[in-house]
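Heads up: the protein sequence lines correspond to chains A and B, in order.
Numbered per the numbering used here, the first sequence finishes at 325, counting up by one with no gaps.
Numbered per the numbering used here, the second sequence finishes at 361, counting up by one with no gaps.
The hints are simulated quantities; they were obtained by calculation from the structure and are not laboratory data.
Take these hints with a grain of salt, some might be off.
[Unchecked claim] Which bits of chain B does chain A cover? Going by a derived footprint, with three or more residues having C-beta under 8 angstroms, they are:
| hint | stretch |
| --- | --- |
| 1 | 89 to 95 |
| 2 | 123 to 130 |
| 3 | 135 to 145 |
| 4 | 212 to 221 |
| 5 | 315 to 328 |
[Stated by the list, open to error] Calculated pairs, DSS-like style, for lysine-lysine (alpha carbon to alpha carbon, straight line, at most 30 angstroms):
| hint | chain 1 | residue 1 | chain 2 | residue 2 |
| --- | --- | --- | --- | --- |
| 6 | A | 190 | A | 114 |
| 7 | B | 101 | A | 321 |
| 8 | B | 101 | A | 190 |
| 9 | A | 321 | A | 55 |
| 10 | B | 158 | A | 55 |
| 11 | A | 97 | A | 114 |
| 12 | A | 154 | A | 321 |
[What the hints assert, rightly or not] Chain B is faced by these chain A residues, among others (derived, beta-carbon under 10 angstroms):
| hint | residue |
| --- | --- |
| 13 | 80 |
| 14 | 96 |
| 15 | 102 |
| 16 | 119 |
| 17 | 122 |
| 18 | 126 |
| 19 | 153 |
| 20 | 195 |
| 21 | 229 |
| 22 | 254 |
| 23 | 260 |
| 24 | 275 |
| 25 | 316 |
The structure presented is a predicted model; accordingly, all values stated were derived computationally and were not measured.
Glycine included, every Cβ here is placed at the ideal spot set by N, Cα and C.
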Amino acid sequence: MNGINRKRVRGLSVHVILMLGVVISVFPFYWIVVMATNTSQDIYSYPPKLWFGGNLLTNIQHLFDKMDFFGSLFNTVVVAVCTTVLVLFFDSLAAFAFAKYDFPGKKFFFGVLLSMYLLPTQLAIIPQYEIMVRLGWLGTLKALVVPAAANAFGIFWMRQYTTTSVPDELLDAARIEGAGFFRLYWHVVLPCVRPALAFLGIYTFIAAWNDYILPLVMLVNPDRLTLQVALAQLYAGHSTDYSMVMSGVLLSVIPLVLVFTFFARGFIADATKGALR
Amino acid sequence: MPPTPVTGPASTGPASGPGTGHARHAGRPAQDRPRGGPGGGSGRHGRRIRPVSAGSRPGPRRRVARHWPQYLAISPYYLIFTVFMLFPVLYTVYLAFQKWDGIGDMHYVGFQQFRFLWDDPIFWLSVRNTLVIWVLSTVPMLCLALVLAVLVNSTKRLTAFYRVALFIPSITSLVAIAIFFGAVFSNNFGLINAILRSVHMSAVPWMSNEWTIKLVIATLMTWQWTGYNAIIYLAGLQAIPSEVYEAARMDGAGPARIFFSITIPLLRPIILFTVVVSTVTGLQSFTEPQVLFGSEAATNPNSGGPGQAGLTTLLYFYHQAFDNNDFGYGAAIVWAFFLLILLIVLVNWRLVQRKERRP
């Protein structure tokens, strides 16, 4: 009897500790909502308000006066969508070639992919900036999308999946009917690798959405910023008007978190697979 | 995520260093695994389409020409990579030996930038800051992650919920979280100080003390990446066969003994992987101090907060290159820093490897 009780206590304490971890994980989101729905005076007051207030719309109105929210949102969506589409297309195509064909130089090309992988992007950023100046792309969204379209991780990930999940018999059957490389890619490979594309797509989209240093350097035109850069500038300029700034943080973070929670289970399983291959 | 891509740079982390048997398997995609399907050599397919050429071996040039669709398929990546990554990385080496403001003429100055760097107290301060923040974040992060992973692994209820809840911080925008931490740790009106006051403790000037600034940045990084690492460890724990544990229990090993003699050694390749990834990403902290102390950048280009306590090396690099337009010096800083990261990764590697050899 005593043993059973001890077991139960231990099981319960495990959940208590884990719940504490969960609370710490999600507390910032709760507190962002609290700050965004109260006034700055409420936040400054002591003791602070711990529950949601009714000031969200006023805060958002102030936010829209101070920053071009929808403009930055639009830019962010354009960058994230274009980057994602290009990465999905380029990486799945390259992965098909690497997974199912032997061609001269294949080992060399794949080796380059492996060895260049850990290079911090900051090593390249000064010349990248100069290249964008020369191309006339500085301040445009192209300067963010095009460099991000070369994604080595995506090729690894897709190659792995293509190797194991696209049956050779299916490719052979299509070849007998006269399909070339690109028709095979479009009609056989793409339908087979859709689950892997889903993970890579979400991953690329979130990374592009959250990126900060590249837009900070490249988007020199204050009228054309991404959400992250615009938010950081808003905070730098109005760091004391918490409720207004927090309403901006809220609007920029919550949609992504909600969308993510929806896809989370499959995504997390794939993310660990991607990391531990 | 990444600048710290959730999984991105991770996967080959170990592959670019000197190999240890285990770690290599954990980090590198199985290159020599046979391609899917029975006898699935793909050269065969190539031949199958053109039975005519099957008899005679085509010359190297013909072989290259025959594979034009494959080269075309991989060309977008290598084209973009060469123009926007490989060339710039090499050009940064060249720039480190020049004096250049980005507009006027370049002047070759030899090793002058590196000599200046060697004597630059602010550069060394930034390196110190970066290392302190890295240690303050990585050590608690990985320890907590291991504890959380063991706990989740020990229960069967709510595991899906725990996994999602713990993972969410790692996909949250770093800018948003930095703003949140700035508000919560604010000297005058922050939530943390309000809590301290309510338990009759004196408020801490978090944002003006040399150590608390680093602590806040490290806490932010710990908050963001603990859950992610816990999920990675969890995957490793689930791969350990339960017979191993049962055998240990039969031999009379207690939970602590099992943890240190079985769990940790079997998890070592994954621990190595997380150490390498957190080293590479942790040393590259930039957004946190840049957003937290951004408002002071205009008045003091070297800022990073009071006493420059939050000035990380990448932030210093950014100021030198893009606020002072000193591209040559910026290039020298970033290359020196990259070599430092490489050195630290190698040292970590040797440490973990040596432990592995011990019986």
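- Check each numbered hint against the structure and report the violated ones by number, ascending. Structure breaks hints 2, 3, 4, 7, 9, 15, 16, 17 and 18.
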